[in-house]
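Colleague: Using the hints, position chain W against chain Z.
Chains Z and W are the protein sequences, given in the same order.
Under the UniProt record's numbering, the very last position in the first sequence is 426; numbers go up by exactly one each time.
Under the UniProt record's numbering, the very last position in the second sequence is 96; numbers go up by exactly one each time.
Some hints could be false.
[What the hints assert, rightly or not] Chain W is faced by these chain Z residues, among others (derived, beta-carbon under 7 Å):
{"#": "1", "residue": "V26"}
{"#": "2", "residue": "T85"}
{"#": "3", "residue": "A89"}
{"#": "4", "residue": "A145"}
{"#": "5", "residue": "S147"}
{"#": "6", "residue": "M148"}
{"#": "7", "residue": "V211"}
{"#": "8", "residue": "P214"}
{"#": "9", "residue": "M215"}
{"#": "10", "residue": "N223"}
[Unchecked claim] Taking beta-carbon pairs under 10 Å as the criterion, some of the chain W residues facing chain Z (in silico):
{"#": "11", "residue": "P8"}
{"#": "12", "residue": "L37"}
{"#": "13", "residue": "D41"}
{"#": "14", "residue": "V45"}
{"#": "15", "residue": "H52"}
{"#": "16", "residue": "G54"}
{"#": "17", "residue": "Y61"}
No lab work stands behind these hints, which were simulated from the structure alone.
Beta carbons are placed, not taken as given, at the ideal position from N, Cα and C, and that holds for glycine.
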Amino acid sequence: MTAAGAFLGSARSRLLPASVPFRFFVAAAVFHVLLWLVLLVAAADFPRFRGGAGPALAAVHLLTLGVLTMTAIGAAVQLLPVATTRPLAAVWPIQLAFWLLLPGAVALIGGMLIADARLMIGGAVASTLGLLPFALLLADNLRRANSMPVVRAYGWAAMASLLVLVALGVALSVDADGGGLLADRSGAALAHMILGGFGFMGMLALGFSHVLIPMFALSNAPNRRIADVGFAAAAASVVLGVAGAGLGHRSLLIAACGVGAVAVAVHLRLMQVALATGMRKRLGLSFVLVRAAWASLALTPLLGVAVAQGWAGAGGPTLFGLVALGGWLMTFLFGILQRIAPFLASMHVSRASGGPPLLTEFGSETPLRIHAGCHLGALILLAAAIVLDSAPLAALAALIGLAGALAFAASILTIVQSLAAGRTRG
Amino acid sequence: MTSRSDIPASVRSWQTGEGLHVDVRGLPCPEPLVTLLRLIDGGSVRERMFAHLGQEPLLLYPELDARGWRSRLVASAGDSAAGDDHVVLEIVRGTP
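Next comes chain Z alone, as it looks inside the complex (with noise of 0.2 Å):
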């Protein structure tokens, strides 16, 4: 074995098993495909989307669920103990997790989509009970990472928003045959909203990508003091946000976007500053989705300002959410993915002909670049058609976002083969 061998092999021994992070990649690739099947039977509704059991209430936890919290569960428990220098307690916790939450998430969604209240509350039971072992394994090695107080500080955040989020989430579901467990149900929904793609998501997206950023592009890591800024501005947004929402009260979210604003500011300075200074300057395809979620970031205050104020329309409401949770979390999490799946997978294989293989011997570059039209041009589309209320033009954008699901789903495939085969073609 050559010296680089001896390292690599090394090197194995430290990380997850493969299974781990790739299982949670796989499913959010499945769910991703269902999520605009999903959304074409409900183009109908979508466009003036206000909550209620329904296609379109399952297309967008398919979504957060399925997509957005697998991918983020399979990154985090990788990539964490990589960032802290503190590796997992225990690696069944996280399968535990998984065999929680997939049955979980299929039977909430499931119910959703059937309107069948008695599913929804068991896959809300399910899909928390599968949380619980993620958020501890979080907290345990957040605990222990004395070395990245602002990646620490985010992920307690984090925690806190999904520990509140799953509960209003199982109260929801409880609420649903009419209960009358909640009293103010729309209030609750924004609320859980605002945690789950603010503070749940939102949060670990914005922690994670200060090491991130730095990493591909090999940079240092962002200012201590102005990273602590944002995260403050960006916590008492997602707390003004959930108290203006439970209270009912239009000027407290109309702050928490503002405050909002400013963390948005200074993440995307920050974020600036790494690309400058960085080593690497060529960042490839993942950099225009994370670009275009940046992008996304940016809008989302000022959306969410104008749809508080009554500005944006019928579809306002719909059309931030599209624009927070895919605009945003959904396009980020698509470029770090197809970045970060090839570099962990590459650390588990060998190539046929001996030594460490390259990234790009993971499949074509072709399925990537299809995907990231197809998202991109769905994005647009299914906004013009919440702006215009077109359920034809709804239609259309779930096609060509079901195409694009499929070339990724296509790409996830290909590398886990690589997996299974335990080394390339090269």
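Modeller: Here is chain W on its own, set in the frame of chain Z:
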């Protein structure tokens, strides 16, 4: 200890007969990676250096491969030669 203008003040470095030693333990991710690559890309290390890290630098491997450098684990966490949270990596320019 060797003082070098291209090594950040927060990074301990020293020269031995084997080569330059650079201790990047305690730096936030991804600064260990970036510090080592800057030394290689900047031409400060001609043939060999020893990196002292808090963990095996998984993200460094493809970067070294891409630059034609090889690496070898000299001591890992838990070895008697290195304490807990201490990995020593020998990084050598590859022969063309």
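Colleague: Against chain W, run the beta carbon of A89(Z) and see if the smallest gap drops under 7 Å.
Modeller: Violated, about 16 Å.
Colleague: May I ask you to test the interface hint for L37(W) with respect to chain Z, counting a Cβ-Cβ separation under 10 Å as satisfied?
Modeller: 6 Å, holds
Colleague: Under 10 Å, Cβ to Cβ, is where G54(W) needs to be relative to chain Z, so tell me if that hint holds or is violated.
Modeller: This hint holds: G54(W) lies near chain Z, its Cβ roughly 4 Å from the closest one there, short of 10 Å.
Colleague: With chain W as the partner, please determine if M215(Z) meets the hint condition of a C-beta pair closer than 7 Å.
Modeller: Holds: closest Cβ of chain W sits about 4 Å from M215(Z), inside 7 Å.
Colleague: Does M148(Z) pass the interface check with chain W, least Cβ-Cβ distance below 7 Å?
Modeller: Holds: closest Cβ of chain W sits about 6 Å from M148(Z), inside 7 Å.
Colleague: Can you verify the interface hint for T85(Z): is its Cβ closer than 7 Å to any Cβ in chain W?
Modeller: 4 Å, holds
Colleague: Hey, does the A145(Z) contact hint survive, CB to chain W under 7 Å?
Modeller: A145(Z) check fails; min Cβ-Cβ to chain W is 10 Å, beyond 7 Å.
Colleague: Next item in the hint list is H52(W). Is there a CB on chain Z closer than 10 Å to its CB?
Modeller: Violated: closest Cβ of chain Z sits about 13 Å from H52(W), beyond 10 Å.
Colleague: Tell me if V26(Z) is really an interface residue toward chain W, meaning its C-beta lies closer than 7 Å to one of theirs.
Modeller: 22 Å, violated
Colleague: Just to be careful: measuring from the Cβ of Y61(W) to every Cβ in chain Z, is the smallest value less than 10 Å?
Modeller: With a minimum Cβ separation of about 7 Å from chain Z (threshold 10 Å), the hint on Y61(W) holds.
Colleague: Holds or violated: P8(W) as interface residue toward chain Z, Cβ cutoff 10 Å?
Modeller: Check passed: Cβ of P8(W) comes within 9 Å of chain Z, closer than 10 Å.
Colleague: Would the hint on N223(Z) stand, with a C-beta cut-off of 7 Å toward chain W?
Modeller: 11 Å, violated
The structure is inconsistent with the numbered hints 1, 3, 4, 10, 14, 15, although it conforms to all the rest.
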